[in-house]
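Asks: Per the numbering used here, the sequence shown runs over residues 1 to 313.
Calculated directly from the structure, the hints in this document are not laboratory data. Please note that a few of the clues may not be correct.
What the hints assert, rightly or not - Here are the computed lysine-lysine pairs in the DSS-like style, where the Cα-Cα straight-line distance is at most 30 Å: (1) LYS35 - LYS21; (2) LYS210 - LYS145; (3) LYS90 - LYS69; (4) LYS65 - LYS210; (5) LYS35 - LYS134; (6) LYS71 - LYS90; (7) LYS71 - LYS21; (8) LYS222 - LYS210; (9) LYS222 - LYS134; (10) LYS89 - LYS35; (11) LYS145 - LYS223; (12) LYS65 - LYS89; (13) LYS210 - LYS21; (14) LYS2 - LYS89; (15) LYS145 - LYS222; (16) LYS223 - LYS164; (17) LYS69 - LYS89; (18) LYS145 - LYS134; (19) LYS308 - LYS2; (20) LYS222 - LYS122; (21) LYS222 - LYS164; (22) LYS90 - LYS223; (23) LYS69 - LYS2; (24) LYS308 - LYS71; (25) LYS21 - LYS2; (26) LYS308 - LYS65; (27) LYS90 - LYS122; (28) LYS35 - LYS71; (29) LYS69 - LYS122; (30) LYS35 - LYS65; (31) LYS2 - LYS35.
Said to hold, decoys possible - Computed Cβ-Cβ distance ranges for the label pairs, DEER-style: (32) GLY139 - GLU188: 23 to 33 Å; (33) ARG47 - LYS210: 30 to 40 Å; (34) SER190 - SER62: 33 to 43 Å; (35) ALA243 - ILE282: 19 to 29 Å; (36) ALA239 - ALA61: 49 to 59 Å.
Nothing here was measured: the structure is a model prediction, and the numbers come from that model. For each residue, glycine too, the CB sits at the ideal point set by N, CA and C.
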Amino acid sequence: MKIVLLEGLGVSDAVIEGHAKRLAEMGHTFAAYEKETDPEVQCMRSRDADIIMLANMPLHASVVKEAAKLKFIDVAFTGVDHIPMEEAKKRGIAVSNASGYATQAVAELSIGFMIQLLRHVKETEQRCRTGGTKDGLVGNLLSGKTVGIVGAGAIGKRTAALCKAFGCRVLAYNRSRVSDAAIDEQVELSELLERSDIISLHCPLTPQTKGMIGTAELARMKKSAILINTARGGVVDSAALAAALREGRLAGAACDVFETEPPLQEEHPLLHCPNTIVTPHIAFASVESMELRAQIVFDNLYAWLDGKQINCM
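With the hints as extra help, turn the sequences into a complete structure.
Replies: What follows is the structure, encoded as structure tokens:
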């Protein structure tokens, strides 16, 4: 089998070299490349591959169409909306993901965002750097707040558990029934929006969730509420969120994800809003989670080569 890794996995060269050696001993060839989003380059690198491995880099549909020998796509990421799944299904190409590698990392950053927004960390830091004080910027505790979790999968549940540790009441909206000790109530989205002091998004991007937080949904939220998005950028209407923040109809927001992967265009509306934290998709990225991701994605590979696909999509 020819195996092609189309982008780095955020781990040491020694880790990748160790797997390359093991694969060679098994009789396979392995090639690793730096990230390249140009479809033509992706096609050239993948044309004779049996297996493609990648993380969250968009994989162009033409790559799958032109890779005549392709049998397996091994995704070092939780979501697969950047993979041409319809084309893969049409061709009978197996797809596995690395679900679970970033559960703790994303949950921890979500909590960090909540505290930073509630305590005005960004604004008071700037005050401190320019000789100012905290006057007028004394914030609030996370303890005692009602937190609404949208999407109660593994990450949503872990975030809920951390919120409970801080003394929050936790509501959840999820398509299927959820049973979890950290979730106090499972409610409809409209009720969650109206009752929550903090709303944290942890749902996948699907046709059903695209734009699910728009003008009407933002209007249901308390003016004192804050929105955290560490899920997928397309779940939120960025223009509507920016308008709500500029007009004071929402107290704050933290966005780690956007409609496209950073770097963003300078005119992106959420880069110019008050009471907003923006980060370039860092929630999943910690040393520990990158190491776990690499372990999972290579476990996927070895299992598939042994005829036992795991983490199927």
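Asks: CB of SER190 to CB of SER62, is that within 33 to 43 Å?
Replies: Holds - the Cβ-Cβ distance for SER190 and SER62, about 41 Å, lies within 33 to 43 Å.
Asks: Taking 30 Å as the top limit, are the C-alpha atoms of LYS71 and LYS90 close enough?
Replies: Measuring from Cα to Cα gives roughly 12 Å; hence the hint holds.
Asks: Just to be careful, I want the Cα atoms of LYS145 and LYS134 compared with a cutoff of 30 Å; is the pair within it?
Replies: Holds: LYS145 and LYS134 sit about 22 Å apart, inside 30 Å.
Asks: Taken at face value, is the distance from the CA of LYS145 to the CA of LYS210 at most 30 Å?
Replies: holds (27 Å)
Asks: For the pair supplied as a hint, LYS65 and LYS89, confirm whether the alpha-carbon distance does not exceed 30 Å.
Replies: holds (12 Å)
Asks: For ALA239 and ALA61, compare the CB-CB distance with the range 49 to 59 Å and indicate the outcome.
Replies: violated (28 Å)
Asks: Given the hinted pair LYS35 and LYS134, is their Cα-Cα distance within 30 Å?
Replies: violated (44 Å)
Asks: Within 30 Å, alpha carbon to alpha carbon, are LYS35 and LYS71?
Replies: The given pair, whose Cα atoms are some 21 Å apart, holds under the 30 Å limit.
Asks: Mind checking the alpha carbons of LYS308 and LYS2 for me, to see if they're no more than 30 Å apart?
Replies: Holds, at about 18 Å.
Asks: Mind checking the alpha carbons of LYS222 and LYS134 for me, to see if they're no more than 30 Å apart?
Replies: It holds: about 25 Å lies between the C-alpha atoms, which stays within 30 Å.
Asks: Confirm or reject the claim that ALA243 and ILE282 have a C-beta distance inside 19 to 29 Å.
Replies: holds (25 Å)
Asks: Take the C-beta atom of GLY139 and the C-beta atom of GLU188, compute their distance, and say whether it sits inside 23 to 33 Å.
Replies: holds (30 Å)
Violated hints, in rising order: 5, 13, 22, 27, 29, 36; the structure is consistent with all others.
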